[in-house]
Every structure is written in C-alpha cells, then in structure tokens.
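Chains A, B and C, in that order, are what the protein sequence lines are. Sequential numbering from 1 applies to the first sequence in UniProt numbering. Sequential numbering from 1 applies to the second sequence in UniProt numbering. Sequential numbering from 1 applies to the third sequence in UniProt numbering.
One or more of the hints may lead you astray.
Unchecked claim - The list that follows gives simulated cross-link-like pairs (lysine-lysine, DSS-like), each with its CA atoms no further than 30 Å apart: (1) Lys-59/A / Lys-135/C; (2) Lys-199/B / Lys-134/B; (3) Lys-49/C / Lys-228/A; (4) Lys-224/C / Lys-135/C; (5) Lys-134/B / Lys-187/B; (6) Lys-187/B / Lys-209/B; (7) Lys-59/A / Lys-128/A; (8) Lys-187/B / Lys-199/B; (9) Lys-209/B / Lys-199/B; (10) Lys-128/A / Lys-224/C; (11) Lys-209/B / Lys-134/B; (12) Lys-54/A / Lys-128/A; (13) Lys-224/C / Lys-54/A; (14) Lys-228/A / Lys-128/A; (15) Lys-49/C / Lys-56/A.
No lab work stands behind these hints: they were computed from the structure.
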Amino acid sequence: MEWFNALLADNRIFTPDTLGYYWEGLVTTTQLVFLSLLVGLVLAVPLSILRGSKHKWIKLPIYTYTYVFRGTPLLIQLYIIYYGVVFFDGIQETFLWPMLREAFYPALIAFTLNTAAYTTEIFHGAIKSTARGEIEAARAYGMSPGLTMRRIILPSAFRRALPAYGNEVIFMLHASAIASVVTLMDITGAARFVYARYYAPFEAFLFAAAIYLCLTFAILFFFRHLEKRLLAHLRPQSG
Amino acid sequence: MKKLLTVSILGLAIAAGSAHARDYDHVRFGVDVPYEPMEYRTPEGELTGFDIDLGNALCEEIGITCEWIEQEWDGIIPGLLSRNYDAIMSSMTINDERRETVLFSEPYITPPSAWFAPADSDLEETTEETLEGKTIGVQRGTLQDNYVTDMYGDVASVSRYSTADDMVLDMQAQRLDIVFLDFPVGKSTLLDSESRDYKVVGETITEPKEYFGDGFGIAFRPRDEALADRFNEALATLQEDGTYDEIFERYFGEE
Amino acid sequence: MLDLHGYGPRLLEGAGVTIQLAVLSLILAIVLGLLTASAKMSRSWLLHKVATLYTTVIRGVPDLVLMMLLFFGGQMALNVLTDIIYDRYGVDWYVNLNAFAAGVLTIGFIFGAYMGETFRGAFMAVDHGQIEAGKAYGMTPWLVFRRIRFPLMMRHALPGLSNNWMVLLKTTALVSVIGLTDMVRVAAEASRATHEPFTFLLPVAAIYLLIASISEWLFAYLQKRYNVGFGEH
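Full structure from sequences and hints, please.
See the structure below:
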C-alpha cells in the first residue's frame, strides 16, 4: 500500500475517493451488462424460434419488434422507458415503483429489450442456415420436430452464432456507457463526475477508456476460447 | 549587462502582449440553459432570464454587442478557456477553486442555496441522520454537487444531472427525495410550479464560503482584465441608475 | 393530430442536423477506412502497426467515451497550443471546436476503424487475376484502382458498408449528450419541458426508422448495380 499512496500523493485527481467512484462504476457497468445480456438471451431463444414460424401472426409481431429496436438508437429507447414509465397514472403507488424509481431498472429494461432484439436476429439467421441434411437425417431417425429443434438445430445454430454473439456482447458493453445520461454512476458516469469536478478531461476519460479496453479484451479472449472449444469440428483437419 | 538584457526583454514581452491584447467590440457569453429564472428558453426558442437581460443591459451600457452561446455546465469553463466564447454569465458562483482558472467580475447577485422536498415529505431538517438512505438530486459539477458529495456522499445516494430541468422532472416523478440547488431556481421551478407542492427544508445556505463562495460573477479568461474592468464599471452604473433593480423586479419581484 | 407545443420547427431543424452529421461522418469514415485498409495491406511495418493500433483501440472503447475525450480533451489540447502561441508570439489565434465539427470528426474517426476492416476484407476478396489483366493491358496503377479494384471491391464491401452506416446513423444520437442540438436533444428537451415524453420521442424514433428503411432500399439497389455481370441466380 505504501507505493500506492506514494503514487497517489502527487496528483489531485486520482485520490482514493475518485478511484472509489471508478470502482463503483465498474461494478454498476458489469451488473447492468451481465444482467441485460442474461435476460436478453433467455428471451431471444424462444423469440428466434418463433420468428421462423410459418404463421404470419406469430412471425410478424416479432419481426416488428426486432426491426424497431434495431432501427432506432438505444438512447431514445432509454429515454422513452426512463421518462415514459413515470407517466402511467398511479405507477408510484404500485409495487413496481420502488424498482422503477431507481435509474438502474429502467436502464436494465431498455438494455435487455435492445439486446434481445439483436440476439433474436442473430439466432434466427443461424437457425435458418442449418444444413438441410442435418434436419433430414433427424427426420429419418424419426425425431419429432420439437426434438429435432432441441437436439439438432439449436446446438448447431448456437455454435454458428457464437462469433456474432461475441460481437453483440462487446456492443452491449459499449452501449451501456449511455447509462450515465440517466444519472447512473457507471464507468462513464464516474469519468463525467471526475471531469466536471477537476476540469481534467484527459485523466478522467482516458482512465475510463482503459477500463473499457480491458473489459473488451477479456470478453474477446473468453469468446475466442469458447469458439476454439465448440467450433473445433469446423476447423480444417489438415492443420 | 545581463541585467539590462533581462529588463529589455521583459519590456519587449510586455509591449508585445499589450499591443495584441484584444479590444472587444463584440462579446460572446457562454450560458447553460435552462436554469429558470436565471436563463431559459420560451417554447418558441427565445432566450430569456435574469442573466440574459442583465448581460444585454451591461453590453449596451459599455457600447458593445453581445451574443449568447449555449454550453452544458460540465463543459462551461473548458469552453471559455478554449475561446468558444469570451465570458461566462450563467449563475456561476465565485469561489477559490474556480478563481484558479478564471477571472471573475464583481458579484452581480448573491442568492443562497436551498434544499427542496415535496410538501408531504417528512424531512424537516438536513443532517446526516435524516438524509441517510435518501436520494439527493444535484446538478453535476456545481458547488451544490461538491457540497453534497463531501457532506452526505457516504450516507445518501447522490443523483447527478446535466441540466436542472432533468433534475426537476425526476423530482416531479418522485425519483428524488430532496434536491439541493440555487434558491431562485428552486423557487421558480418547484415552489411556483403547479404540478405538485414543494417546500424548502431548513434554512437557506450560504456557508461555508469554501463551498458557497461570494455570489454569482461573470467569468473571463485570466488575461482579459481590461474587459472585466469595463463590465465592473458598467455594473456599478446600472446599479445606480435603477436599471439593475428593474431587471431584478422582473424575475424576483413578488407578483 | 399531433400537438408539438411549438417545438415542431426546432425538431425539424434537429432532424436536418442529424442527417448532415451522419452523411458528413460517413464520408470521413470512408476516406479514413480506405486509408486504414491500404495501411494494413502495405508492406511498411510501421503503417501496419499504426493502423492496427487505431482499429483495436477504437473498437475497444465506447463511442460515447471517445466522443467526450475528443470533444472535451481536444478542446483542452487546442487551448494549450494556442496559449503557447499567444505567450510566445502575442498572436491571439484560436480554434473553435464546435459541437458539430467535434461530432463529425469523432464519429468519422470511430467509424473509419470499422470501415477499415470492411474495406480490407473486400480488397482481399478481389480476384487477383483481374488486376493482373488490367496491368497486362498497360493500365496505370491509379487506373487499375479506379476501373478494376474499386468497383470489384465495392461489391464485397457493400453489405459491411450498409451495416456500418446503420450503426453510424444510430450513433449520431449520442452527440445530443455532448451538447449538439440534434433531433434527439430537441425531443428530450421538449419532453422535459412539456412532460409529454411520447409526443416527441416516438416521432423521432419513427424518423430514424424511416431513414433506416430508405437506406436499406438504397443499398439493395446499389448492391444490384455492383453485382452486374456476376449472374445472380
């Protein structure tokens, strides 16, 4: 700790206090991104299957949902949800209010709906590109459509979707920076606070950028590793 | 010999500096909008408020033209230093921290800060005990932010906003338990609003000086002393001839 | 009918800002992207490293953080520079980095990195035999680029380009946070003032969807044009 204090002694910006803000910011960002990705993923699996349905009345609403959420800026979605929930009459008296009152949950809802829309399309694309032969083989074995979906189509589609989904995870991490707009003290929120208090843009934002860069590399590394394990069968055999 | 050289170089440097010092006939003010009633826009987009009217009157008195450039609060001092505008007239409190970077005029108004809460709130005073677990709203980078962060940052959660409008909206939405801001702004946006009833919690606050400074001043770049002097003279004139009182009445008079 | 409480004209103006910002940033991004792709494919070790650093760092940091860094920090850096000039030479020269310019520069700079990757992939996909053929005809390198490499490359680059444009368009919304009055900012300001968020935010969302749909259609048309001669079946 000696060297750490010595390191901090010379500057007025990176005090234990401000580093504490960055740490809290890191925790908030991680929670927000992890939870929205998790819930988004859970929503996206059934949606992506139904998205490929033959019935117009199932397919169309899901397509509209993904089109709207992928076609508009996340910032607008966040504003609509954050400011919008307040204008449902009497929302303040319901059991939901203690959650919606905090900026965290409206942001979580916006992020979840957004990532679910992108993930649905990624999975839908992967399911659609399943080799006909695999499905026919499953049929020939007498598998029911449900079983074919569960045992054959989904596992292979998930593997094929992995690189694109990795990009979506990084995209979500970066997109979460707008949480500071609705008062959340995420990493960017901490940086804005430090900047406004000390008029030190370089220190404040470069430090935040470095944290995001590390997180991005960690995610990249994780997905590379996963791809190597799960997609081994797709690599050229001769190597 | 060496001494002579130093003196003449010094003389040269001063000459070069003054020869190029700018004589302003047009001044651009940086202002953070909205901050009712100090500076705000009508729905048609017209800029108005106490600062705006006083600023325009000062320019007229000096005999120069002026222009208003909108800038969000957290970038307002950097914007001045980078010459996006020549002065800041935007409810900026004069304090030592800011004196290190900018040059202030004489204070032109000295409003206190105050706590505002819904009228039915059980908050009657502001101490570490009563504020524990509450959500406090402030505008990011203001002296109120610094004060609340340092005094209550450990016991309460502090929500920071880019504009006072965001904060008032969240107050009306009941996302905030209490807000801390300049008294005239709170009066205009909360006490006088029709949507809900609000009250001032405890006394208005002007101490300690290290946070609350010496009233609002116009901020200039440190080198523009001549310009600051012209504004100080004009301010004294307006305060004497009644123009100042007239503008004051317009925004703070009891109707 | 939709009552915009007098904010209509400003909202329209904001939409104009959004479109100008997006188009100018796109042009800058394409230029930077072509440069980056060339640098990455060049034999120079240094150029390759610089381009790789650029694309890696940009794609690893959120747009909003980069935007704030460049907008607030860029101003600070310019101040230091102009202050030195003032102290040394007594010249009061200054550069105004307004929010619009900062927005175009930052978004262009960010998407230049993404475009670089798109163009690199596309250039590499061009059949080398065609370039050889051009050379054999005695074409100059510039002519080979203009007549053969660029059009062939565009065929491969278009899907990526269209994707980047869609993301770029949505990224422009972030400039409202650093203080530029685009349509998102006007809408947010209006919804706070009138307490009717849906009245302003939903139409703005619809404008984004409209621009996205028009672009989609336009890119489909371009794709068809650049595919001429490749026998689409």
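These are the hints, each one checked on the structure:
1. Lys-59/A / Lys-135/C: violated (52 Å)
2. Lys-199/B / Lys-134/B: With a Cα-Cα distance of about 17 Å, the restraint between Lys-199/B and Lys-134/B holds, given a limit of 30 Å.
3. Lys-49/C / Lys-228/A: holds (26 Å)
4. Lys-224/C / Lys-135/C: holds (27 Å)
5. Lys-134/B / Lys-187/B: The hint holds at about 22 Å.
6. Lys-187/B / Lys-209/B: Holds: Lys-187/B and Lys-209/B sit about 22 Å apart, inside 30 Å.
7. Lys-59/A / Lys-128/A: holds (14 Å)
8. Lys-187/B / Lys-199/B: It holds: about 9 Å lies between the C-alpha atoms, which stays within 30 Å.
9. Lys-209/B / Lys-199/B: holds (25 Å)
10. Lys-128/A / Lys-224/C: holds (23 Å)
11. Lys-209/B / Lys-134/B: holds (26 Å)
12. Lys-54/A / Lys-128/A: holds (13 Å)
13. Lys-224/C / Lys-54/A: Distance of about 28 Å is within 30 Å: holds.
14. Lys-228/A / Lys-128/A: Since the Cα atoms of Lys-228/A and Lys-128/A sit roughly 23 Å apart, the hinted pair holds (cutoff 30 Å).
15. Lys-49/C / Lys-56/A: Between Lys-49/C and Lys-56/A the Cα gap is close to 51 Å, so the pair fails against 30 Å, i.e. violated.
Checked against the numbered hints given earlier, this structure breaks hints 1 and 15; the rest are met.
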